[in-house]
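Take a look at the letters that make up each chain.
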Amino acid sequence: MPKLNQDVVIVGTGETPVGRLHGVSGVEIQAWAVRNALADCGLTLRDVDGLVSQQPYNLPNSGYCLTVAEYLGLRIPYCATLDIAGTATSVGMLQQAAWAIETGHCEVAVCVHGENSVTGRPKDTHGFALQIFAGGEEFEAPFGPPSPPAHYALYAQRYMHEYGTRQEDFGAVAVAHRNHALLNDNAVMKKPITLEDYMASKPIASPFKLLDCSIPVDGGGAVVVMSGKRARKLGLKGIRMRSIVERVTHNAMVGGVAIDELGLEPAAKELMNSAGIGPEDIDVAVVHDAFTISVILMLETFGFAKRGEAGDYIRAGHASLGGKCPLNTHGGLLSQGHFGGFLHTLEIIRQLQGKCGRRQVEGARIGMVSGGGGIFAVTSGMIMEGPAQ
Amino acid sequence: MNVPHSSTTAVFWDACKAGQLKLQHCQDCDKPFYYPRTACPSCGGTRLEWRQMKGTGTIYSFSHVHLALGGYKSWEAEVPFTLVQIQLDEGPRMLSRLVGKAEESVKIGDRVTVAFTEREGETLPYFRRTG
Ligand SMILES: [Zn+2]
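Going down the list, the sequences are from chains Y and L.
Just so we're aligned: 230 in this note's numbering is position 230 of the first sequence, and the numbers increase by one with no gaps anywhere.
Just so we're aligned: 122 in this note's numbering is position 122 of the second sequence, and the numbers increase by one with no gaps anywhere.
What the hints contain is simulated information worked out from the structure, not anything from laboratory work.
Don't take every hint at face value.
What the hints assert, rightly or not - Under 8 Å between C-beta atoms, here's a sample of chain L residues computed to sit facing chain Y: (1) V3; (2) H5; (3) Y35; (4) Y60; (5) S61; (6) S63; (7) A68; (8) W75; (9) R97.
We put the beta carbon where it would ideally sit given N, CA and C, even for glycine.
Go ahead and model the full structure; you've got the sequences and the hints to work with.
Listed below in structure tokens is the structure:
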């Protein structure tokens, strides 16, 4: 079992508005998020000696962490760019920061991701600069447009075949996420939806309809990680990272493994075992939700619901505020907005800090983040623990 | 499209041009695999040989693509079409596409056979349903 140094803590978060950030560049968004995160815990750029950045997918450049460091005027001993894939990267960035701090390379590290993937995409491309996204072009592109929905849909169709998941179950995911987004002022989707709205939404790539798909946005988020010693000196209450895991099986759909060979199950087991807890101990969770199938798969693999029963679990309200384990309380990629997945991690930190206002899970102490990337190619996870509220 | 081929992957595409579906077979672990690589993804072996497949298999999964999300103009005239994962009778799975427009009757387990299709200077291994 990988052990984490228990004396590294998360002390601050910052996010930018999400939506269409016209006239703001990728690096400006990242700098904005960093400033907000530092302000959140009463620090300044002068306190920062470590930086981990994920480059924007729409317009990356080599050495992106240096771009951000230079922009912020940082001259520091530890700087790294990380891109595992999708929402898995956010967990990976915190892991990098924790490692750098516990081995003494820095004391206060900021992890940041942000991009203007909607308003800042190069001409004639869409969303993520998709040639970068997939990686399997030679054996994928000839058969269809490089389209994440269609590739996730292949897993969704197969999942329905193997476990009996129904269209209505995907719909339950969409509705639950929208309900949570309505409690988040920084979510782009503002209108309530019903299962009927879901069923009537236009077909994209069967079994997916429009409301199965996340909504691309511009936005940024940052997290401040520091040594426990420094946090105590500053009188900051930190969030502990109790376990972190990652499992990789493939990248693009052309290399996609069977559902029972995916990395989710071993990742889930190791995540829980390392932290010495089970799903029943988790007060609040965020999981990858680029498409509704991801949520079904995560709930059923991480042990929140039995195979084929995630739809029932959600309809019973267990994943909603007030339920057994509220899930994606910020509205997720489906209804808050989708740029990378860093706001998932921020949501859990804030829930454990008791800073979530209308959507606060009362008494939340143990939180789980599960990220994914590629087409179920990588699963990452983290268990965090907050101070008793 | 226009993704460059390596000298290894070119063997696959050249075989398609000749109307043959050829995959690599690892002589160390006796398994065929897809897509073409310079080493076997099961055991790392590099004693590989190209073998011709029967070109038959079953639909492992499918998606009727209704919208070419992303402003891919060249695909718009072709939707709805059906993207498929084919499980070849020899074992490996391929990502491909069914010939023609999407048909509601497609289901997992349907039998298929390779249907080479000319497109943008390449010969592509699409599939068609049989029986
Ligand atoms: Zn082998």
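Structure-based check of all given hints:
Taken as an interface hint, V3 of chain L checks out: its beta carbon lies about 4 Å from the nearest beta carbon of chain Y, inside 8 Å. Because the beta carbon of H5 of chain L sits about 7 Å from the nearest beta carbon in chain Y, less than 8 Å, this interface hint is met. Contact between Y35 of chain L and chain Y, as hinted, is supported at the beta carbon level, the nearest pair being about 4 Å apart and thus within 8 Å. For Y60 of chain L, the interface hint holds, the least distance from its beta-carbon to any beta-carbon of chain Y being 7 Å, beneath 8 Å.
Satisfaction of the interface hint for S61 of chain L is found here, the shortest Cβ-Cβ separation to chain Y being roughly 4 Å, below the 8 Å cut-off. Given hint, S63 of chain L at the interface with chain Y, holds; its Cβ is 4 Å from that chain's nearest Cβ, closer than 8 Å. Taking 8 Å as the C-beta contact cut-off toward chain Y, the hint placing A68 of chain L at the interface holds, the least distance being around 5 Å. Using the Cβ-Cβ criterion of 8 Å, the hint placing W75 of chain L at the interface with chain Y is satisfied: the shortest such distance is roughly 5 Å.
Residue-level restraint check for R97 of chain L holds (minimum Cβ-Cβ distance to chain Y is 4 Å; threshold 8 Å).
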